[in-house]
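Protein chains: 2
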Amino acid sequence: MAAVVGFKDSPSKELKAGPGFSLSEADPESTPGYKGKKSNGVALLAAQDGRLDVLQEMLFAEGKFGSSKRVLLILQAMDTAGKGGIVKHVVGSMDPQGVKVAPFKAPTDEEKVHDFLWRIEKAVPAAGFVGVFDRSHYEDVLIHRVHGWANEAELERRYAAINEFEARLAEQGTAIIKVMLNISRDEQKARLLARLDDPSKHWKYSTDDLKERAFWDSYMDAYQRVFEKTSTEVAPWYVVPANRKWFARIAVQELLLEALGKLDLSWPKAEFDVAAERARVVES
Amino acid sequence: MAAVVGFKDSPSKELKAGPGFSLSEADPESTPGYKGKKSNGVALLAAQDGRLDVLQEMLFAEGKFGSSKRVLLILQAMDTAGKGGIVKHVVGSMDPQGVKVAPFKAPTDEEKVHDFLWRIEKAVPAAGFVGVFDRSHYEDVLIHRVHGWANEAELERRYAAINEFEARLAEQGTAIIKVMLNISRDEQKARLLARLDDPSKHWKYSTDDLKERAFWDSYMDAYQRVFEKTSTEVAPWYVVPANRKWFARIAVQELLLEALGKLDLSWPKAEFDVAAERARVVES
Numbered sequence: 001m002a003a004v005v006g007f008k009d010s011p012s013k014e015l016k017a018g019p020g021f022s023l024s025e026a027d028p029e030s031t032p033g034y035k036g037k038k039s040n041g042v043a044l045l046a047a048q049d050g051r052l053d054v055l056q057e058m059l060f061a062e063g064k065f066g067s068s069k070r071v072l073l074i075l076q077a078m079d080t081a082g083k084g085g086i087v088k089h090v091v092g093s094m095d096p097q098g099v100k101v102a103p104f105k106a107p108t109d110e111e112k113v114h115d116f117l118w119r120i121e122k123a124v125p126a127a128g129f130v131g132v133f134d135r136s137h138y139e140d141v142l143i144h145r146v147h148g149w150a151n152e153a154e155l156e157r158r159y160a161a162i163n164e165f166e167a168r169l170a171e172q173g174t175a176i177i178k179v180m181l182n183i184s185r186d187e188q189k190a191r192l193l194a195r196l197d198d199p200s201k202h203w204k205y206s207t208d209d210l211k212e213r214a215f216w217d218s219y220m221d222a223y224q225r226v227f228e229k230t231s232t233e234v235a236p237w238y239v240v241p242a243n244r245k246w247f248a249r250i251a252v253q254e255l256l257l258e259a260l261g262k263l264d265l266s267w268p269k270a271e272f273d274v275a276a277e278r279a280r281v282v283e284s
Numbered sequence: 001m002a003a004v005v006g007f008k009d010s011p012s013k014e015l016k017a018g019p020g021f022s023l024s025e026a027d028p029e030s031t032p033g034y035k036g037k038k039s040n041g042v043a044l045l046a047a048q049d050g051r052l053d054v055l056q057e058m059l060f061a062e063g064k065f066g067s068s069k070r071v072l073l074i075l076q077a078m079d080t081a082g083k084g085g086i087v088k089h090v091v092g093s094m095d096p097q098g099v100k101v102a103p104f105k106a107p108t109d110e111e112k113v114h115d116f117l118w119r120i121e122k123a124v125p126a127a128g129f130v131g132v133f134d135r136s137h138y139e140d141v142l143i144h145r146v147h148g149w150a151n152e153a154e155l156e157r158r159y160a161a162i163n164e165f166e167a168r169l170a171e172q173g174t175a176i177i178k179v180m181l182n183i184s185r186d187e188q189k190a191r192l193l194a195r196l197d198d199p200s201k202h203w204k205y206s207t208d209d210l211k212e213r214a215f216w217d218s219y220m221d222a223y224q225r226v227f228e229k230t231s232t233e234v235a236p237w238y239v240v241p242a243n244r245k246w247f248a249r250i251a252v253q254e255l256l257l258e259a260l261g262k263l264d265l266s267w268p269k270a271e272f273d274v275a276a277e278r279a280r281v282v283e284s
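These protein sequences, in sequence, are chains S and P. This note's numbering puts the first sequence at residues 1 to 284. This note's numbering puts the second sequence at residues 1 to 284.
Okay, chain S solo, but in the shape it has when bound (with noise of 0.2 Å):
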């Protein structure tokens, strides 16, 4: 077993898209702030699970008691970067009770004919609860942008939407992570046929993947636009490097603790008289 290895100082300040952030001078093979390597790395993510776990139970506790606090992770990306890999390994090792992940594919039939905001609301965390978008609203500014489904003027009116959207979620108490997992086109590739090399993995693949990649370069437009609209004080964007999948987890596990732990969580006191409890149990 490798020995763990901690991130020196949150990567949050480094992964973040703040202003003046260039997406394409950010280097998918990087692993800002973390000096181990791959073996380290998956140390790392092993021996916080515990530590994850205990402040979302910290989180749902404090939910049954009246706390507003809630997460909520939004996770973005070109196909293959690894969206899945991050549910499974960083959001999987937290309980399944206090968790909700909300995958969003191609809107359905009532859903388009209500505000782009409109299934997004229906799918946000409960108070105590870790939400996670699997996709998001700014597929509403990605694959919008990147097909002309919208023009600049009602992509104007989204980005505006989204933000006064999150400020009123932060408002009720919602830490909001947002994250684009970074991954080249080159690195995407070589998934691509690394998954058709594993009949394991075919389900994965659908021939459609090639017509999004065809235009990568606009969705790297569209999504440097999302940070310059949409990388807020109350919601942040952090590009996290991701064609090392092992690098991508442990800091969105980091960005995670890091946001838990701003929460101020601690166990909620006891409404009751412990000793008398204690004693009607034993006599019952």
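Wrong hints could be hidden among the right ones.
One copy or two, either will do: identical chains are not told apart, so a pair holds if it fits within one copy or between any two.
In silico DSS-like pairs for lysine-lysine, Cα to Cα no more than 27 Å straight-line [claimed, not checked]:
1) K13 to K105
2) K37 to K122
3) K64 to K262
4) K105 to K229
5) K112 to K88
6) K201 to K100
7) K122 to K100
Note that these hints are calculated values from the structure, not bench results.
Take the given structure of chain S and dock chain P to it, following the hints.
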């Protein structure tokens, strides 16, 4: 690390509440069909995680390709019996993307003005999913019987409605596993005291817990009746001895593995020409 000791035969036969089953004769301390000790059981739970994970992913993959197969695990028990631990340690080893946990609390005002199966129907798993009910429609024939909220005629109507409902789910391709975690009255007392002795567990304690505990014998009668009325061929009840948490967990894991195994799962075959797609990706 202790050696992994498996079940010699699946415990499903011994645990099944078939004709003639008597709850009062079932021993909550026992470990039917299992020769190992606690340490072996803990090792078994970890060792089987991977197999459960692969089967669940196959189920999910088949669901994407038109299969109607799905799994529904129904958990019922007295307070502190360990439903939460089953969800966390057994269900929690599967990928959250393919698992839906539905907790059923006291019904809301809206739920109350519908038939008792209305809210249940909305929570049944979609094709490809593993659904988990933490409590269920059985509360409507358990707590309702214990407190006389439903009379005999209404209870009879509900048993019949449940059987029809579950038979329909089974016809739609749902493998139904109904588990009653069987703890003893003394064990519940010990666990309630343990909760009171640990401030990080106070949030799990309710002063109402003792109220239901006072009706222990009525609950056991109500469970016995549930087994007699609703342990059917397509949706049998399993009574899992639960005084030893480690045993309850490996038993439920084994029931899940057996149910998934019977679904005859396999990776969906590619509906595209793999070599042709490979060439397209290389060129892309």
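Now the hints, each set against the structure:
Taking the closest pair of Cα atoms, K13 and K105 never come within 27 Å of each other, the shortest separation being 31 Å inside a single copy and 41 Å across copies. In this homomeric assembly, K37 and K122 never come within 27 Å of each other (Cα to Cα): the closest approach is 41 Å inside a single copy and 46 Å across copies. In the homo-oligomer, the alpha carbons of K64 and K262 lie at most 27 Å apart inside one protomer (19 Å), although the nearest pairing across protomers, at 39 Å, exceeds that limit. Taking CA atoms no more than 27 Å apart as the test, K105 paired with K229 passes inside one copy only; the shortest distance there is 23 Å, against 41 Å between copies.
In this assembly of identical chains, the alpha carbons of K112 and K88 never lie at most 27 Å apart, being 29 Å within a copy and 36 Å across copies at closest. Taking identical chains as interchangeable, the C-alpha atoms of K201 and K100 lie at most 27 Å apart whether they share a chain (25 Å) or sit on different chains (23 Å). Both within a single protomer and between protomers do K122 and K100 lie at most 27 Å apart by alpha-carbon distance, with minima of 12 Å and 16 Å respectively.
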